[in-house]
Amino acid sequence: MIAEPAPDPIPPFSEEQQRTARAMAGLGVSRRQIAVYLRTDETTLKASLGDDLDQAEVEAISKVARALFTMATKQNNVAAAIFWMKARGGWQEKQQLEVTGKDDGPIAIAELTITTDDPVEASRQYQRLIRGTAL
Numbered sequence: 001m002i003a004e005p006a007p008d009p010i011p012p013f014s015e016e017q018q019r020t021a022r023a024m025a026g027l028g029v030s031r032r033q034i035a036v037y038l039r040t041d042e043t044t045l046k047a048s049l050g051d052d053l054d055q056a057e058v059e060a061i062s063k064v065a066r067a068l069f070t071m072a073t074k075q076n077n078v079a080a081a082i083f084w085m086k087a088r089g090g091w092q093e094k095q096q097l098e099v100t101g102k103d104d105g106p107i108a109i110a111e112l113t114i115t116t117d118d119p120v121e122a123s124r125q126y127q128r129l130i131r132g133t134a135l
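Mapping to the working numbering: the sequence shown position 74 is 74, numbers consecutive.
Mixed in with the good hints, there may be bad ones.
What the hints assert, rightly or not - In silico DSS-like cross-links for lysine-lysine, where the CA-CA straight-line distance does not exceed 27 Å: (1) Lys63 / Lys74; (2) Lys86 / Lys74; (3) Lys86 / Lys63; (4) Lys46 / Lys63.
If you are wondering where the hints come from, they were derived from the structure by calculation, not from laboratory data.
Please work from the sequences and hints to get the whole structure.
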């Protein structure tokens with residue numbers, strides 16, 4: 001006698017739960033948060049819906065990218081164009097920081113040798129150095 005194959009297991013989530021999970025993934029809700037919402041654990045969520053949730057995320061990102069690209073190229077939205085170029089075109093804002101000492105002079109470098117093992121006296125020596133009254 002040949003055994004009949006076991007029926008496919010019942011999916012752990014209803015069609016409505018699956019639609020909701022895909023929508024949540026597309027909106028950027030984390031897998032952990034989706035699992036909490038569905039009252040399950042992340043392992044079960046991944047095993048049951050992992051590929052669907054990945055696909056939903058990619059579709060949502062594609063829609064937003066398409067909308068942003070349209071704003072940048074057809075609607076003359078300068079902010080969208082700049083964002084696109086920074087994110088995808090390698091543009092970056094350059095910042096330059098110049099550091100000088102007092103009155104635009106060179107930065108003073110002081111050297112201090114602590115001459116005591118007493119932490120209170122060492123602190124006093126350091127304080128005199130930073131106040132400019134070190135011996």
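Comparing the hints with the structure gives:
The straight-line distance between the Cα atoms of Lys63 and Lys74 is roughly 16 Å, inside the 27 Å bound, and the hint therefore holds. Among the hinted pairs, Lys86 with Lys74 is consistent with the structure: their alpha-carbon atoms are about 18 Å apart, no more than 27 Å. As the CA atoms of Lys86 and Lys63 are separated by approximately 19 Å, the hinted pair is consistent with the 27 Å bound. Between Lys46 and Lys63 the alpha-carbon distance is near 24 Å, which keeps this suggested pair within the 27 Å criterion.
Comparing the model with each numbered hint stated earlier shows that all of them hold.
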